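Protein chains: 2
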Amino acid sequence: MTILILMPDRNVSEVVQALNVIDTDLEVRVWPDTGDKSDIEFVIVWDHPTGELKKYPNLKVIASFGAGVDHIFKDTDLPKQVPITKIVDKNLTRQMCEYVAGVIFNHRLRLTEYSEFQAAAIWAPKEARQGNNVCLLGLGNIGRCAAEYLTVLGFSVSGWSQSRKDIENVTTFHGEKSLGKAISDADYIVCLLPLTPNTENILDKTLFSKARKGAYLINVGRGGHLNEDDLLEALYQGQMSGACLDVFRTEPLPDDHPFWRHPKIHLTPHTASLTDIDQAATQFYENYQNMKDNRPLINQVDVTKGY
Amino acid sequence: MTILILMPDRNVSEVVQALNVIDTDLEVRVWPDTGDKSDIEFVIVWDHPTGELKKYPNLKVIASFGAGVDHIFKDTDLPKQVPITKIVDKNLTRQMCEYVAGVIFNHRLRLTEYSEFQAAAIWAPKEARQGNNVCLLGLGNIGRCAAEYLTVLGFSVSGWSQSRKDIENVTTFHGEKSLGKAISDADYIVCLLPLTPNTENILDKTLFSKARKGAYLINVGRGGHLNEDDLLEALYQGQMSGACLDVFRTEPLPDDHPFWRHPKIHLTPHTASLTDIDQAATQFYENYQNMKDNRPLINQVDVTKGY
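Residue numbers (our numbering), protein chains in the order written: chain A, 1 to 307; chain B, 1 to 307.
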């Protein structure tokens, strides 16, 4: 009954500590010091090497260290039948919703613009931007929370998801064919989708061409959702007026990437939501106990959907 | 039955136009071309010269061009008994609430910080700030709206006002003696007060000394609420961690003012709420008709309170 932490290139000492605070008797190993691989029944993963998880013959749970699981499904050689779980954290959800609202307000109120003027001691009042229509792509836990937040704040909110979702005061659309219609009126297009083969590159020239001219993009999904060249072209053409990006295909973003100094792009270093280690440890421990006692797991991923 | 627009140093052509769109027969004059002063019964003012309003013998209404009326009471030689009105505009209120929420989110999420890092192509993720307690000074229309907004967004909100106000889910305080207690737990102190002799310089070293160490100040009241030297000292000592200021004693802020390049001060050029001209014109016209027909005025100011 051993837990393995399999998070290459991460400092995991805080995770080990948080688990030991909950239960001092837990046996926790840290990859690559796995010991006998047949001891391992529960693995906590982030960005593991492809094929690695097949090497543990008694594995019963694969637990993602975050809300996303696309890093797990990147592995095309996963052991079949082993259930996968993700973190669902109220604080993480709130943080993500705050990020979306904060970025929209920042843009409407021109706060970053005024900071730039301030540096040059320029007093240049302008009207706040008026765009009031927000389209949320993705209506899972975080999308629903963001929809509620933004509705209360007075925004007109629409939402799109793969399967049908109904949310009060929100105009919802579902399925690939309705994507263009969902975003057609939006001043702000917000990507909160899980990354799956269906959603990869969803933020591309086809989508931008269906947006209202001058729409603003916010990507807090994954870097893989965005076709970067298509965004640069849409910004150059003025079809999109700007973008705030929190996630990238390669992180940290390489020094020479054109996004760094693009005047219409704001970027944050994947901070829209950070997994709270204590909260995560609590959920890992709960599922570890569920596994031992043969009870159903919490926050289990639907493998057929990929999220 | 003539309306005078008395707004020195302002381009008022849009105001004249907005009034004429409502009623082409309105007689509107623009100061200093007053014509016969005894014709004037209704005056729309912003920053008028002291003593000027006494020169109109038949004046029946003094209408402020904004939500604030401190610019009127600066005139120590006002005609007695002439009622004063202000603008109460739902959009203006919402804009102000958005500003408060937007500035708090900006600070919590470090958006401006990340913009500075971006300029240097530095990838430096940090945890979001955790401060969750907001104290609103001033619980009029705007304060109430901000309280509701911030409560829904998950903040813990307290409020202080001169006279007692009760707001659901908000801990309220009133009267000078309770000011220190009201702000003592706040991570964010937000000034939404009207400027009166009682509230002038309320943001001073006494108040800062009673704040939680490292609190953040947001001033969207008036420049006269803030003792500027006391703020600079509190920032230097670390008693206050930063400030976002939208209003100043002298506007535009003079080129050589130390606020421009202070690393802990963000400033916006009095844009937290801009009067919507069409909305204002509608309210002026309504009160002009009320005056003619001897009906009660809307949005009348309590002269004894000064707001």
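Treat the hints as calculated values from the structure; they're not laboratory data. Just so we're clear, the structure is a prediction, and the values are computed from it rather than from any experiment. One or more of the hints may lead you astray.
Any copy, or any two copies together, can satisfy a pair, since identical chains are not distinguished.
Heads up, simulated EDC-like pairs for lysine to aspartate or glutamate below, C-alpha to C-alpha not over 20 angstroms straight-line [unchecked claim]:
| hint | residue 1 | residue 2 |
| --- | --- | --- |
| 1 | K126 | D276 |
| 2 | K54 | D77 |
| 3 | K264 | E116 |
| 4 | K86 | D278 |
| 5 | K305 | D293 |
| 6 | K60 | D47 |
| 7 | K126 | E251 |
| 8 | K126 | D9 |
| 9 | K264 | E113 |
| 10 | K213 | D39 |
| 11 | K213 | D229 |
| 12 | K126 | E14 |
| 13 | K126 | E286 |
| 14 | K86 | E176 |
Evaluated hints:
Taking the shortest alpha-carbon separations for K126 and D276, only the inter-copy value of 13 angstroms comes in at or below 20 angstroms, while the best intra-copy value is 39 angstroms. Proximity of K54 and D77 under a CA criterion of 20 angstroms is satisfied intra-copy only: 7 angstroms inside one chain copy versus 87 angstroms between copies. For the homomeric pair K264 and E116, the shortest alpha-carbon distances inside one copy (13 angstroms) and between copies (14 angstroms) are both at most 20 angstroms. When the C-alpha separation of K86 and D278 is checked against a cutoff of 20 angstroms, the pair qualifies only within one copy, where the shortest distance is 15 angstroms, while the shortest distance between copies is 51 angstroms.
Taking identical chains as interchangeable, the C-alpha atoms of K305 and D293 are never at most 20 angstroms apart, the minima being 27 angstroms within one chain and 68 angstroms between chains. Taking CA atoms no more than 20 angstroms apart as the test, K60 paired with D47 passes inside one copy only; the shortest distance there is 19 angstroms, against 74 angstroms between copies. Taking the shortest alpha-carbon separations for K126 and E251, only the inter-copy value of 15 angstroms comes in at or below 20 angstroms, while the best intra-copy value is 35 angstroms. Only between protomers do K126 and D9 lie at most 20 angstroms apart by alpha-carbon distance; the minimum there is 18 angstroms, versus 46 angstroms within a single protomer.
With identical chains, the CA atoms of K264 and E113 are at most 20 angstroms apart both within one copy (11 angstroms) and between copies (17 angstroms). For a Cα distance limit of 20 angstroms, the shortest separation of K213 from D39 qualifies neither inside one copy, at 57 angstroms, nor across copies, at 50 angstroms. For the identical chains of this complex, K213 and D229 are intra-copy neighbours only, at 18 angstroms inside a copy versus 46 angstroms across copies, given an alpha-carbon limit of 20 angstroms. In this assembly of identical chains, the alpha carbons of K126 and E14 lie at most 20 angstroms apart only when taken from different copies (16 angstroms versus 47 angstroms within one copy).
For the homomeric pair K126 and E286, neither the shortest alpha-carbon distance inside one copy (52 angstroms) nor that between copies (28 angstroms) is at most 20 angstroms. Proximity of K86 and E176 under a CA criterion of 20 angstroms is satisfied in neither setting, with 25 angstroms inside one chain copy and 51 angstroms between copies.
Of the numbered hints given earlier, the model fails hints 5, 10, 13 and 14; all others are met.
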